[in-house]
Structure formats: structure tokens, C-alpha cells
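**Student:** If you're matching them up, the sequences are chains A and B in order. No gaps in the numbering here: position 403 of the first sequence is 403 in UniProt numbering, and each next residue is one more. No gaps in the numbering here: position 296 of the second sequence is 296 in UniProt numbering, and each next residue is one more.
Source of the hints: derived by calculation from the structure; they are not laboratory data. It should be emphasised that the depicted structure is a prediction, and the values quoted were computed from it without experimental measurement. Where a beta carbon is used, it is the ideal one built from N, C-alpha and C, also for glycine. There could be a bad hint or two in this list.
[Said to hold, decoys possible] Covered stretches of chain A, going by a simulated chain B footprint (3 or more residues, C-beta under 8 Å): (1) 200-214; (2) 222-228; (3) 294-302; (4) 359-373.
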Amino acid sequence: MEFPHPERMRLRRCDSAASVPQFCNSPTLIVMVGLPARGKTYISKKLTRYLNWIGVPTKMFNVGQYRREAVKIYKNFEFFKPDNEEAMRIRKACAAAALKDVSAYFTKEQGQVAVFDATNTTKERRAVIISFAKEKGYKVFFIESICDNPEIIAENIKQVKFGSPDYVDRDIDEAMEDFIQRIECYRANYIPIDDEKDRKLSYIKIFDVGSTYLVNRVQDHIQSRIVYYLMNIHVTPRSIYLSRHGESELNLLGRIGGDSGLSPRGLKYANALAAFIRSQKITDLKVWTSHMKRTIQTAEAVGVQYEQWKALNEIDAGVCEELTYEEIQENFPEEFALRDQDKYRYRYPKGESYEDLVHRLEPVIMELERQENVLVVCHQAVMRCLLAYFLDKPADELPYLRCPLHTVLKLTPIAYGCKVESFFLNIEAVNTHRERPVNVNINRDPDEALQTVPDHI
Amino acid sequence: MLDNEEFMLDTYPRELTQNPLKKIWMPCRNGHIAQRRVCMTNCPTLIVTVGLPARGKTYISKKLTRYLNWIGVPTKEFNVGQYRRECLKIYKSFEFFRPDNEEGLKIRRQCATSALNDVRQYLSVEGGQVAVFDATNTTRERRGTIVKFAEQNGFKVFFVESVCEDPEVIAQNIVQVKLGSPDYIHCNSEEAIEDFMKRIKCYESSYQPLDEVLDRDLSYIKIMDVGRRYLVNRVVDHIQSRIVYYLMNIHITPRSIYLCRHGESDLNIKGRIGGDSGLSARGKEFAKHLRKFIQEQNIKDLKVWTSQMKRTIQTAECLGAPYEQWKSLNEIDAGVCEEMMYEEIQEHYPLEFALRDQDKYRYRYPKGESYEDLVQRLEPVIMELERQENILVICHQAVMRCLLAYFLDKTADELPYLNCPLHTVLKLTPVAYGCKVESVYLGVDSVNTHRDRPERM
Numbered sequence: 001m002e003f004p005h006p007e008r009m010r011l012r013r014c015d016s017a018a019s020v021p022q023f024c025n026s027p028t029l030i031v032m033v034g035l036p037a038r039g040k041t042y043i044s045k046k047l048t049r050y051l052n053w054i055g056v057p058t059k060m061f062n063v064g065q066y067r068r069e070a071v072k073i074y075k076n077f078e079f080f081k082p083d084n085e086e087a088m089r090i091r092k093a094c095a096a097a098a099l100k101d102v103s104a105y106f107t108k109e110q111g112q113v114a115v116f117d118a119t120n121t122t123k124e125r126r127a128v129i130i131s132f133a134k135e136k137g138y139k140v141f142f143i144e145s146i147c148d149n150p151e152i153i154a155e156n157i158k159q160v161k162f163g164s165p166d167y168v169d170r171d172i173d174e175a176m177e178d179f180i181q182r183i184e185c186y187r188a189n190y191i192p193i194d195d196e197k198d199r200k201l202s203y204i205k206i207f208d209v210g211s212t213y214l215v216n217r218v219q220d221h222i223q224s225r226i227v228y229y230l231m232n233i234h235v236t237p238r239s240i241y242l243s244r245h246g247e248s249e250l251n252l253l254g255r256i257g258g259d260s261g262l263s264p265r266g267l268k269y270a271n272a273l274a275a276f277i278r279s280q281k282i283t284d285l286k287v288w289t290s291h292m293k294r295t296i297q298t299a300e301a302v303g304v305q306y307e308q309w310k311a312l313n314e315i316d317a318g319v320c321e322e323l324t325y326e327e328i329q330e331n332f333p334e335e336f337a338l339r340d341q342d343k344y345r346y347r348y349p350k351g352e353s354y355e356d357l358v359h360r361l362e363p364v365i366m367e368l369e370r371q372e373n374v375l376v377v378c379h380q381a382v383m384r385c386l387l388a389y390f391l392d393k394p395a396d397e398l399p400y401l402r403c404p405l406h407t408v409l410k411l412t413p414i415a416y417g418c419k420v421e422s423f424f425l426n427i428e429a430v431n432t433h434r435e436r437p438v439n440v441n442i443n444r445d446p447d448e449a450l451q452t453v454p455d456h457i
Numbered sequence: 001m002l003d004n005e006e007f008m009l010d011t012y013p014r015e016l017t018q019n020p021l022k023k024i025w026m027p028c029r030n031g032h033i034a035q036r037r038v039c040m041t042n043c044p045t046l047i048v049t050v051g052l053p054a055r056g057k058t059y060i061s062k063k064l065t066r067y068l069n070w071i072g073v074p075t076k077e078f079n080v081g082q083y084r085r086e087c088l089k090i091y092k093s094f095e096f097f098r099p100d101n102e103e104g105l106k107i108r109r110q111c112a113t114s115a116l117n118d119v120r121q122y123l124s125v126e127g128g129q130v131a132v133f134d135a136t137n138t139t140r141e142r143r144g145t146i147v148k149f150a151e152q153n154g155f156k157v158f159f160v161e162s163v164c165e166d167p168e169v170i171a172q173n174i175v176q177v178k179l180g181s182p183d184y185i186h187c188n189s190e191e192a193i194e195d196f197m198k199r200i201k202c203y204e205s206s207y208q209p210l211d212e213v214l215d216r217d218l219s220y221i222k223i224m225d226v227g228r229r230y231l232v233n234r235v236v237d238h239i240q241s242r243i244v245y246y247l248m249n250i251h252i253t254p255r256s257i258y259l260c261r262h263g264e265s266d267l268n269i270k271g272r273i274g275g276d277s278g279l280s281a282r283g284k285e286f287a288k289h290l291r292k293f294i295q296e297q298n299i300k301d302l303k304v305w306t307s308q309m310k311r312t313i314q315t316a317e318c319l320g321a322p323y324e325q326w327k328s329l330n331e332i333d334a335g336v337c338e339e340m341m342y343e344e345i346q347e348h349y350p351l352e353f354a355l356r357d358q359d360k361y362r363y364r365y366p367k368g369e370s371y372e373d374l375v376q377r378l379e380p381v382i383m384e385l386e387r388q389e390n391i392l393v394i395c396h397q398a399v400m401r402c403l404l405a406y407f408l409d410k411t412a413d414e415l416p417y418l419n420c421p422l423h424t425v426l427k428l429t430p431v432a433y434g435c436k437v438e439s440v441y442l443g444v445d446s447v448n449t450h451r452d453r454p455e456r457m
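Next up, chain A with everything else stripped away, as it sits in the complex (with noise of 0.2 Å):
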């Protein structure tokens, strides 16, 4: 049998608990299409966060960025005319640079997704793409964003251009009026991807931001994987509330994991939860617990139906599981100092990581983008996981998220981003949050690691 030589393929063992197969082949230059106004600087941030989430490395490269910082100053839609040479020189040698970037961050920074945010519109200005990633080795996916509809255009005019850089000293009208005249400049000129001459190319069409979908040869798990995530998210204005359970037994104590109800606080906070709910006059809201007792007593007080998720359970902590930290320090000091170096990586033995936390969460993610209005009840290393999907940290900062108890989080998404409302429901509660202590070498003083465990009975 022909085993692939290891120098021909860069498949490597590894024990990487990540979201996606290692299959580290090439890397993949994602290029958006379309107008301006068609969510494609939207598209573009959403999936970079969503790889980078899932552990697949990405960065996204806005050409209008590059743009902005040649120009310095943006007078008006007639730099985009598309007979202004000047212009036309400055916006190509933008885009090179970009590409230049987007080749500096596969190769030196180890980069697997590059997402090329810019209009491509024209065949010509793919042609350079390709012929650019054919001769590093690179696949390219196009995703294109049409839609004629001038609700939505405005919609997102008013969204996201107004507060541009282009524009901040505009006012409203003015802005309007002029950037309707620079996605004018581009229609003269817009070829859409053709199905028919386009059909060796790979690449999605999204139609009205997303009631219609075109995908073309999609060639490997990763595209299939982009795919999927752009056909489950849409746009319709929603809330997500993130919330622990109320305060447990366990929480009093002191202890980690576990399945214990609800200490008498914790079954107040409850009950301010559901009025909370009440108030906050929510429509059509599904309410998602863990399958733990804790997550569900807190769902019962809301009192309406709600879906247990054996995935939103919370991080196994193995051999650890219903220990103190003081406990563990004096049982596992070795463990617990490995956890302290690298806490998103470090696995429980016979445990979990919070990285296998995201591979677990991420049907959850899918499907919190599916849904519109939710109330997650959930536990501390889980709701940091989801929080950091949703806020865009990085691995290291994840596992410090501040969750505490008996407070809601109100995620709405707006422009580019997500805006988080935090309200603390006036229930006094266990602090269960474990702070990184300064020394975290494994031959530290006992007292050095229990330096910033919490209080607890």
C-alpha cells in the first residue's frame, strides 16, 4: 500500500482537541463579491469569528482599510468613479498590499483562512485573485452577496456606513446621498460570478441575504463547514440572554462540577429571573437549560418550556469533579499548576478542556444563530465559551471571562458587533470566579496557588 509520504502532505499527528479536523493542507483565501451595502465586511467578520472560535486560524483583510489609510482623507464617491486613474492606482495597489498580507500571515504567521474582503467585482480583479493563490498554492472561495432590495440597502447603509470613518463628519442625508452615488460607480462594472463560465470556480451566491443560496463545488471539509455556517445566520433583529444557574449547594462549598440543586438563593435568583423575563416583554422566546438540576430548577421559575441540551452541560472536571481548589492543590498540586500555565488547553484527567467545551458547544452556537430570541441557563465555563463566540476573545482570554452568578446577559447584535447588557438581579451569591495567580510553576508554595480561589463556606 501507498502510505502518503509525510513530506508531500502536510497531514501531521497531532492531538489537538479542535473544532475541525487537522486536515492541514493548503490554506483557503475566502474572497467576497458583490456592491457595496451587501453585507460583506458583516459576512466577513462573522465568519472570521466563527472559525477562529472553532480553532481554525483566520484574519480578515478589509481592502477599504488599506484604502482609508493611503488616502487619509475620504472626500466624496468620485474617487470610485471608475475613469479616475488616480484613483484606480491607489485602489490596485490596495489590494496588492493586501494580498501581500494575506500571504505574509499564511506563511509567517500560520495562518489557515484568510478572508479578502473587497467588492471583486469586476472578472478581471478575480483574475488576479486566482491566478495570485494558484501560484502560492492556495485555495479560493468566493462568497457573493446579492440583493436588489432597497429596504435592506438602506438598512445597512444606516447601520454600518454612517459611522465610517468616511463619514464622521457628515451629516445623515449628505451621507446617504453620496454613498448611493459610490455603489453607482460600481454597478457600471459589476460582473457577478457567471454559473455558467464561472462553473470551475467554487463559490456561494447568496441571494436576499440568505432566502436563496447557489453553492458551486465546494472541495474540502473546511468550505463545507463555511457553508453551513452562512445558510444557518441571518439578520433578523433578536435577543440572546446568557445566564448561570442560580447559586447551588456545590457553589456554596466551594465545589467544582457536580449535580446539585439549588441553595435558597440560588432558587430566589430564579424566581427574579423569571420576573426579569416578564419584564423584559420578550417575543417567542425559547429557553435552553444543561441537562444538570441546577440549570433546569432555574428554568422551572421562569415557567414556560424549555429544551435540555446534554451539550450545554458543564466542563467536566474528571478526577476533580466536587473538589475544592484547596483540595485539588492538596491532591493534584501538579494538575492544578498545569491548569494555571495554560487553561484553555489543560485537559481534567479523565476530564475536559475548554477546548473540547467549544467542540462540544459548537452545535449549540449553530443553532443559537438559527434561532432568534433565546435565554440560555447555563454554568460558568460554558456561558464563557458562548460569551466568547459572541464577544469575539481569543482562546487566552476565554477561560477569564467574567460570568458571575445571578446575572443576566442581554447579547444584541448591532452593526458589525454585538452590544451586552449585563444585569445583576440583587441576589447576593458565592463568587466563583478563580483569577490566574501569579505564580503558576509547578513547584509553587501551596498558599501561592490558592492565592485567588474565592471565598466559600
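Position chain B relative to chain A; hints supplied.
**Tutor:** Quick look at chain B alone, frame taken from chain A:
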């Protein structure tokens, strides 16, 4: 304003009790467990295939049905051709399908109606969630009838159209599945092919494919050229999104999937379940035999996957080729019973032991997993297996049972008792509508780890 306000009539929060079999916390009143079905869809879904004969409709229907049942969505296919065969008894020739054959048309219409009645029975009365209506459905009129039927009964409709004009693919299709059909049992190959080609012609003139404009309000996926291109329109819910994702990942390129367990482990010899032990001497012997077997098979571009447990990795190491580790392939977590012998489980947890024998598929070990949990965990593995070509998966007994059940369409009832002995490789090769299985025992002795379904409960 909250939905489901009728729930507010009960007193909240309700008492919780843990179902002893599945370890799921459920509300109970006076000792009665409130029934709460966690389901992915609200109303049932009717999937309707569309396409000329020999376009893979039945292949897709069967595969999709198998997948949905495996992930726990009760699904059944209704093949109108079957109904026609039951009605007609003897198939004479393509003339039956001529568009001017009034008698034939009457019978075919009756068969479709009869099948739809059975669909209604399955979805509305028998608790089915998805029905796959497998027929050509090539006219807008026929599809209109089905849409009306679905509306009347409160079913969602999702069309799956297969479009293909590649004569080689069609010829291959005919050879694989038509020649063996009951219709052609008494014909020789040439006669059968000639008749079938004329049969296709009967449909061609009246074929109205799903139209991007006329059918823009329908939910559908159009599969073109065996998956080179897809057009997806108006996916309305989770199950349709999963169906689209699945359909976009399957292919028909010939390949084989090799499944085997790790070599015999030290804990195997001791009769203990779970754990993370290394290979025994015989297990290492098996690994060598496996290497030889794989080499003799002369497989092109074989991928190798293992779990993250020592015994599968040790087995793969012997192959001397790159392999990929998946945590999702880890053996079922036996929770408090990890590393116990069955005798010890009987002694310490007799109730648990009995519950497991009552319903081995749904039974969850305390602080562990059930087969049902395993299937959910393995779904991304199956999805990636569908994308791959030649592949060897080195895993564990319970995991292998789940994977095998998927490929061989075994029910949840049979799954936990499938025979997956040590030191035996199963070679699965997709053929026609199913999977050919070849079992190869590699001649190295081992313990038997199979526990049959006990007779007395």
C-alpha cells in the same frame, strides 16, 4: 409576553425527579413525571423528491431516511414505485409510462394517493416526524397536489430535486440499481437498459423542473450533477438545515470504509470496562497483522482515524502512517462504572445493571453516557466520513456499534447488541442502495467482550 402561558397555571418551580434510566431531570407532580418531548421540529416534515428516473432519488431517499433515523428523528420513506408494483403485479414494458396511457395514468395517480394516505397515517397518527415521498413528481401539477395535501394536514414541505444530464452517470445508475429491480427480473441486461431509456423518455416531455421564479415560495434544494452544484431556497427550520447540510456532504465516488477496534488491551484481559490502558501482547500482535492487512489491501490515499485513548493510538502507531485523533471517537463513558468488571457492577450497582439491560440504548451510566449520547457525539464523525473516501477508523466497541448501525441501518434496539469483536476488521463498501460488509478476522486470539441481551429481565 411569554408564549405557552398555559404553563403558568401550574405552580412553579415544579419538583424535579431524575429518570433512573436516562438520568434526565424531569418535573413531577404527585410522583407523575410530566411528559415533555424534546423535538427538533414542531410540525412534521414531508420531503418530496423530484427528478427524472435514474437521477438518484431513491438512493437519496434511502440514505437520508437512514441518517435521520440514526440521529433520532423518526423517518420513513414511501416509494410510489413500490405501490405501483403492488398494484400492477407484473411490469410489461415502458408503455405503461407513456403520457397518453390513460389506464396507466389512472393507476399511477391512485398509487400516489395511496402513498400519501400512508404518509398521513405515519406523520399524524404513528408519531413519525419526517416522511420521504419518493417519486418522480416531475410536473408542477403533481407537486401542487402534494403541497395542498401537506397544507391540509399541517405538514411542512421540502423538495429535493436531482438534476443530471451526464449520460455516464445515468448509465452507471441504471446498471447499479435498475437491472436488479423487480421490474426487470425476467429481462436480460440489454433489453432492460433499452426499455428503461424509453421509460425515461416518457417523463422527459412533461418534466417541469423547480423554477427559481415560479417556485420561489417553496422550500427546496436542487442537486445538480451529483453534487457539483446546489441551489437552496427558503430553508425554514432546523431539520431542513440539517438535511441540506447532509445532502451537501454525501457523494457517490466509490470507496471503502474500514472499521475496527483497538487491539486487545490490558483492561480487556481483566474483564474491566472503559479506562485508558495500553495494548496487551496479543493486542500488539493484532496491530502488526492490521498493518500487513492494510498493505495487502493496496488502498489509494487511505486516511486513518483514532480516538484519543491510548489503545487506539498504539494500534495506529504500528501502521507507520499519519493518523488523526478524534476525541469524539472515545469509548462510551461508563461514569461511576469505569474500570469495573460486570460482576462488580452487579455487586455495587445492581439497579443500574438491571436498568441497562432493560433499555441498553437509552440507559445512561451515572455520571457517564448512554448509547444515545454517543450517537449525538458521533454525528460530526459520520458527517466527515461521508465527505471522505478511503478511510480506516480504529475505535472502540460501543463506538463501532454506533457507526455500524448507521451504515447498516440498524435500529436503536439492535444497535447496542451488534457484534464487534476484537481483532476483526469490517470493510464496508457502498453498493446500490446499501452497504456491502466483509468481515476479516486477522487471526490473533483475544478475549470476547460481547455481552448478549439477557433473556430474563
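**Student:** Checking each numbered hint in turn, tell me which of them this model violates, lowest number first.
**Tutor:** none
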